[in-house]
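> This is what each chain is made of:
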Amino acid sequence: MSILYYTLNNPVFTNFAFYSTASAVKMMSMSLLTVAKRLSKDVFANPEDLVLAKNKSAVTTTSDPDVERVRRNHLNDIENIIPFVLVGVFYVSTNPDRNTALWHFRIFFISRILHTLTYQLALPQPSRFISCAIGYAATLSMAARVLLTARP
Amino acid sequence: MSILYYTLNNPVFTNFAFYSTASAVKMMSMSLLTVAKRLSKDVFANPEDLVLAKNKSAVTTTSDPDVERVRRNHLNDIENIIPFVLVGVFYVSTNPDRNTALWHFRIFFISRILHTLTYQLALPQPSRFISCAIGYAATLSMAARVLLTARP
Amino acid sequence: MSILYYTLNNPVFTNFAFYSTASAVKMMSMSLLTVAKRLSKDVFANPEDLVLAKNKSAVTTTSDPDVERVRRNHLNDIENIIPFVLVGVFYVSTNPDRNTALWHFRIFFISRILHTLTYQLALPQPSRFISCAIGYAATLSMAARVLLTARP
Chain R
220 MSILYYTLNN PVFTNFAFYS TASAVKMMSM SLLTVAKRLS KDVFANPEDL VLAKNKSAVT
280 TTSDPDVERV RRNHLNDIEN IIPFVLVGVF YVSTNPDRNT ALWHFRIFFI SRILHTLTYQ
340 LALPQPSRFI SCAIGYAATL SMAARVLLTA RP
Chain D
220 MSILYYTLNN PVFTNFAFYS TASAVKMMSM SLLTVAKRLS KDVFANPEDL VLAKNKSAVT
280 TTSDPDVERV RRNHLNDIEN IIPFVLVGVF YVSTNPDRNT ALWHFRIFFI SRILHTLTYQ
340 LALPQPSRFI SCAIGYAATL SMAARVLLTA RP
Chain F
220 MSILYYTLNN PVFTNFAFYS TASAVKMMSM SLLTVAKRLS KDVFANPEDL VLAKNKSAVT
280 TTSDPDVERV RRNHLNDIEN IIPFVLVGVF YVSTNPDRNT ALWHFRIFFI SRILHTLTYQ
340 LALPQPSRFI SCAIGYAATL SMAARVLLTA RP
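First to last, the sequence lines map onto chains R, D and F.
In terms of the working numbering, the first sequence opens at residue 220 and continues consecutively.
In terms of the working numbering, the second sequence opens at residue 220 and continues consecutively.
In terms of the working numbering, the third sequence opens at residue 220 and continues consecutively.
Treat the hints as calculated values from the structure; they're not laboratory data.
Some hints could be false.
[Said to hold, decoys possible] Only part of the chain R face toward chain D is listed, based on derived beta-carbon distances under 10 Å:
1) L227
2) T233
3) Y238
4) V244
5) P266
6) T279
7) N295
8) I297
9) L305
10) F348
[Unchecked claim] 35 Å max Cα-Cα, derived DSBU-like pairs, lysine-lysine:
11) R/K245 / D/K256
12) R/K260 / F/K273
13) D/K273 / D/K245
14) R/K256 / R/K245
15) F/K260 / D/K273
16) D/K256 / R/K273
Glycine residues also receive a C-beta, built at the ideal position from the N, C-alpha and C atoms.
Could you put together the complete structure from these sequences and hints?
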């Protein structure tokens with residue numbers, strides 16, 4: 220019979236489930252950070268949101284640098300974390316070596332934490348560029364294995 | 220032998236497949252709403268799109284409030300519906316109680332319908348905030364179960 | 220015993236893994252194109268990125284038409300490729316005909332390549348609209364099968 224890859228009895232899947240979910244929660248935390256920045260700076264995108272403003276003369280804007288920095292970070296998460304999880308689902312089916320797979324997942328997750336820190340602290344470049352590139356390379360490495368294994 | 224979780228014989232998976240796909244279709248419907256708003260208001264982002272304009276003196280813009288409201292709604296769907304489906308895939312593998320799982324999926328889907336209604340009708344806040352927060356909490360609850368079950 | 224759908228022994232899954240991963244890599248390539256455009260035109264969104272500019276008097280901007288064209292293309296990929304992969308995961312579980320499924324996957328992938336070409340070359344409309352609509356229809360067709368098969 221075939222081996223079951225998509226079960227918590229498979230350590231590759233279990234590790235993938237853990238790091239994917241942790242990455243997804245990290246991505247979701249950007250929504251909370253956006254709300255916190257909007258409320259602290261009275262920066263809102265919709266007229267009906269202005270009832271939440273402390274300063275009653277606040278107007279809508281989509282160009283506050285602090286809020287837009289969080290928004291760009293969130294979009295970069297979407298552009299990188301979602302492909303990691305999608306490609307990873309197929310990568311699990313290629314039966315990779317357990318430790319090789321685990322290091323792909325760990326390195327990706329750590330790269331996204333470092334990317335967020337470098338972005339939100341506005342650390343000197345190329346720190347943010349490098350932290351993003353490392354996670355990007357991990358996803359591409361997984362994608363290469365899938366494309367070679369599943370090629371028609 | 221291991222139990223198969225990812226099959227339509229598993230009611231948790233079947234319900235997840237239904238509500239995830241319904242949520243994805245709801246998200247995709249925002250593309251149609253964007254096209255409808257662009258055509259009805261002659262609001263286009265690319266110069267080559269202006270041949271579609273009724274008013275031949277229309278110019279490109281990315282700041283029409285009606286179109287941008289739909290775009291923000293679409294992006295909010297991406298930020299919330301995609302993590303729900305990704306985390307849900309792993310949640311299914313944790314063998315949750317059938318009814319507990321079903322209510323997570325139902326509540327999430329209803330919260331996204333309410334979020335879209337409150338956003339597009341510009342209903343008074345905090346109605347949109349609350350409808351978004353309920354779905355966000357459902358996804359976090361599923362993520363917590365995955366992280367506790369699959370932790371290394 | 221149940222049939223295993225999520226294994227490379229299932230040609231529907233294997234083809235889906237190949238075309239989904241190829242689509243995800245195509246989507247990720249937009250990040251490289253964005254970086255290339257930013258560096259060649261000295262267009263950066265963050266003050267700390269300006270150390271990378273050739274012209275030392277460059278300022279941050281988020282309104283360069285060439286960079287924003289790539290960004291809109293990337294966001295359109297997110298709005299279309301991610302739903303395709305998410306819905307496709309459930310579609311595989313409905314045991315579709317092997318050839319019907321393969322043509323859904325092929326048509327979707329080709330539509331996204333054509334969409335990118337029409338967008339980046341700014342070809343006359345409705346070429347971009349049609350190439351996007353074809354892939355959108357393929358995803359909706361898969362979603363319809365899932366909703367009908369998995370309905371509660």
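> Evaluate each hint against the coordinates.
Here's how the hints hold up against the structure:
| no. | hint | verdict |
| --- | --- | --- |
| 1 | L227 | holds, 6 Å |
| 2 | T233 | holds, 5 Å |
| 3 | Y238 | holds, 9 Å |
| 4 | V244 | holds, 5 Å |
| 5 | P266 | holds, 7 Å |
| 6 | T279 | holds, 9 Å |
| 7 | N295 | violated, 13 Å |
| 8 | I297 | holds, 6 Å |
| 9 | L305 | holds, 8 Å |
| 10 | F348 | violated, 24 Å |
| 11 | R/K245 / D/K256 | holds, 33 Å |
| 12 | R/K260 / F/K273 | holds, 34 Å |
| 13 | D/K273 / D/K245 | holds, 29 Å |
| 14 | R/K256 / R/K245 | holds, 17 Å |
| 15 | F/K260 / D/K273 | holds, 34 Å |
| 16 | D/K256 / R/K273 | holds, 33 Å |
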